[in-house]
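Going down the list, the protein sequences come from chains A and B.
Numbering that gives the first Met the number 0 puts the first residue of the first sequence at 0, with every later residue one more than the last.
Numbering that gives the first Met the number 0 puts the first residue of the second sequence at 0, with every later residue one more than the last.
Hints in this document: simulated from the structure, not taken from any laboratory.
Some clues are possibly wrong.
Unchecked claim - Listed next, with one range per pair, are the computed distances between beta-carbon atoms:
| # | chain 1 | residue 1 | chain 2 | residue 2 | range |
| --- | --- | --- | --- | --- | --- |
| 1 | B | ARG126 | A | ALA64 | 31 to 41 Å |
| 2 | A | LEU97 | B | SER177 | 50 to 60 Å |
| 3 | B | HIS66 | A | ARG175 | 19 to 29 Å |
| 4 | A | ARG86 | B | ALA106 | 43 to 53 Å |
| 5 | A | ARG86 | B | ARG145 | 41 to 51 Å |
This one's a predicted model, so the numbers in the text were calculated from it and none came from an experiment.
Where a beta carbon is used, it is the ideal one built from N, C-alpha and C, also for glycine.
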Amino acid sequence: MRGAGVRVSTGAALVGALIVWIALLGPLITLLAHLTPASVWNALTQPGALQPLVTSVTASLVALAVILLLGTPLAYLMARGRLPFPRVWEAGVILPLLTPPLVIGLLLIFMVGPETPIGAALSHLNLSATNTFLALVVAEIYESVPFYVLGAMAAFATVDPALEQAAALLGDNRLRTWRRVTMPLAAPGLANALAVTWARAMGAFGAVLIIAYHPFGLPMQIWVTLQETGLASALPYALVLLVVALPLPVAAYIWSARARRRL
Amino acid sequence: MLVADFEVARREFSVRVHLQVPTGERLALLGRSGAGKTTTVEAIAGLLRLSGGEIRLGDRQLSSARHPAADLPPGQRGVGLLRQNPGLFPHLTVLQNIGYAPGVSPAAARAAGERLGLGALLGARPRGLSGGEAQRVSLARALQTRVDLLCLDEPFNSLDRPLGLELLGLLRRELEESGTSAILVTHRLEDAQAFAQRLAVLHRGEILQVGDPRELVLRPSSRKVAELVGYQGWLSGGAQTMAVHPDRVHPVGAGEGGEISARVLGMTPRGARIELELEAEGRWRGRFRCRSDRSAAIGERMWFAAPGAPIFPTPDPGGGALSDR
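Next up, chain B with everything else stripped away, as it sits in the complex (with noise of 0.2 Å):
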């Protein structure tokens, strides 16, 4: 088990982390750009020094401020890092690039790239490749380390979105099959919750809320951790504030039930669906979104439930209570 308790300090705000990852878990770190995450892998994988807490992994210890001389090195700490740079070195092959780390055999490493397509690309130098080729060349490098926890920072972002999916799948699946455990660093809540089984949402430095991926979204505990889970409307009804996710709130007949009304500003596709924009008027007041498979007219007045929308006191100091309806 992973149990990572520090902080590292940055130029705007110290990263400070409570987290455990038992072994065998995926484990997904949620947050915008600057929050954090790349900071907390990077102090797991070795490459920072912390400025507080320990890190250990297992019975060692593998980073701590209280005496940094005795952090392990990158390669001893049983720990992988896959960037979104793949990192291979032009002056080695596929196959060699592949069968890098020590101990790992030709065979191994041809095997291992046959395995994720890489075939007919084994003889060949990293210079040719296609970006989402030498991600998968990265990855069998990385898998075929020997490493108890594999941290991933945005490894497939620069891929197209079938093609980053696809190798996040074909991630999981092969970390699934040897029972090593992975942090992924994302922000993009579908990858996240297409690859992990725990979510935790990073924010300037904290972590704000872990949990089940579906049963955060559910239940943020924050307006800051709903906003980064996807809630986009935030209807005031005086005291209380109304946080509306755009899949969470759908349209109703009247008498139906609906406790929003609403009149229809504009409309976008948005894949199969349409993309409503509202603005709410009555008890709950505000703009929101609502994702509805049918379309409607400019200016339509309509009514919308949002069952079990959270609701935050106004206004929110930051961190305020969750209460359910």
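Next up, chain A with everything else stripped away, as it sits in the complex (with noise of 0.2 Å):
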């Protein structure tokens, strides 16, 4: 009777995990089975059509490359308590988390449009943080810079400091012990939360509308054409959008399993 119950459970559980699955992947089946081949290719080849796509992954690669440099000193330093009033800068950390993305856009057109003194600064430099490439990366690390820091975090707390330490007394500096143990253990956590991060970065829209419609990256080319043309003319870069930013995700979080599973 007992064996009974516990099988009926574990099929109960399973069908839940199961409705759950579809239900988060349904978004993805319902894009591929509105498209065809056809009209992904007729939508790739207008003239033009690439220049989001490219615009997209580089602004989104040097986002990334800032996020990167000076994400993870912060969460190092976050995750090994070295910072004081440790509290203050965790909430700096997840206040764009909180915030939604359209009030962040409205703040940094506050913050460094051209009536500002960080725009003034910028204008005798040439540059411009609205509509330009510069607001699009801006934008980008505002968006997605949390994901990294909090999840950088997470992946150097599971590094031992009794290895650190060993590695000190061992006659490692800080920066050889950093490159020799802290970076390799971390890595895995660390390709995660870069992942994610990556995923934000490229499907940033909210504060992008307000601080950077120009230059046109992904998602604005896939708002701009909902509004003017149709849902059917945005879905080929809906999942065009989604071929580039998922696969480096998927792929870290393959490699970062593999890498855990040998430690």
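Got two chains here, each in a separate frame; can you build the complex from them with the hints?
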């Protein structure tokens, strides 16, 4: 009797899990169901059709590089509790995550727009942080940086400080310890964080809409096509966005799962 | 020579250490949990800042409370530290772990691994190793690092006793060969005696006595030291208290010079011997234990001799002077 009860509850759990899985993949399945190879080919061979893709990939790569460069040491210091007032730092990182992207865009206009001191300083350098490539990068950074810093923090927290101490005792200075022990051990978690950040940067829309309508990235292209020519024309771009944004996260996920198994 | 004369502030008490370890000497630091043993070796290894004093090794100043900015970082002090947690790098193979320190060639690492019986495991990752194998790797790695002083913070305590003692013996031979000084932190007197040439007893951050490992057990300078080196019976005789060690008291026949008359309360097998639990009555009163070769009957009255047992004033203020009988 008891065995039968366990079987029934296991079966119910499996059915529930399957429903959740299908529901989560539903949008992707729907997308593929509504596209034909001809419609994708047709959309992508229009003059200038690939430019938004190039813009999005380049801006996201730059945003990712900046986030990696500045976010990694910050995440490490936060994970090791080396910053004063740690809660304040944490709040600063989480805030962009909690703020609606549209609001981030609005606030960025007030922070780096042409009428602001930062905007004025940028204009001296012949730069502008509104409706430029730089604006797109800034908007993508604000929308995606918390995903990296929080993920990287969790990755560094899994590295036993005793191992870093052991490396120091064996003669490594901080930089060598970081390179030979901390980074290799945190790498699987960092790869995951980076992959999620990449997907978020590629798909950044709310803040981009306000501060970087031009140059057109892929999300803007989807939005404008949807507005001007309707749903069917926008779907091929949606597929392209997914095709470009998803492989890195999937590859990173597979690699980090394998790397973790080796440790 | 290591000259450590320092203080490290802790929450409950400060650890104040005055210690000298000549080159090539093996010193054991004996004390209970929380006595400040780990704090002492971590300060020497450069993992803790001093709140007073300084630490010197040879002609180099390792740490100073006056100029903490000039403290040498852990890897440049010539001090190694082996802990209970082997601290192996999980992403590296056994061979890469052994050869981790800068300047260690793969051939030297391989030879060190083979010398410690790790030849078949050099390509393995630490994850699959047993506790004993992991400690061997850690030991091989520590010995590969060129240090003038190796600190050992109860490194083999999580292993079973025969294996722990075997590794301690192995380590002792390696240190003897290389002439490296060592400080062993332990709460086990037998480990300290098996390893060290000199023993320092630490209690609540203070070194109470330093001496020859056997001599220190025979002549503890205070009741606290006596407690820490294994004395378990405290027999009251008016203004004096006799400290009785279970191994230093033995039954004698009536009229054969025994000074303690006692009744048997219980018996427990202890290895090949029997540990008698006894209640002394007469000039010396109180409970004590005696490891004896012969069994006895519960309630039996016997005489015991405790030649050389230390006597302390009663009540002991905490640091009573030794008066040998």
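Which earlier hints turn out false for this structure, listed by number in ascending order? Nothing - there is no hint that the structure violates, so all of them hold.
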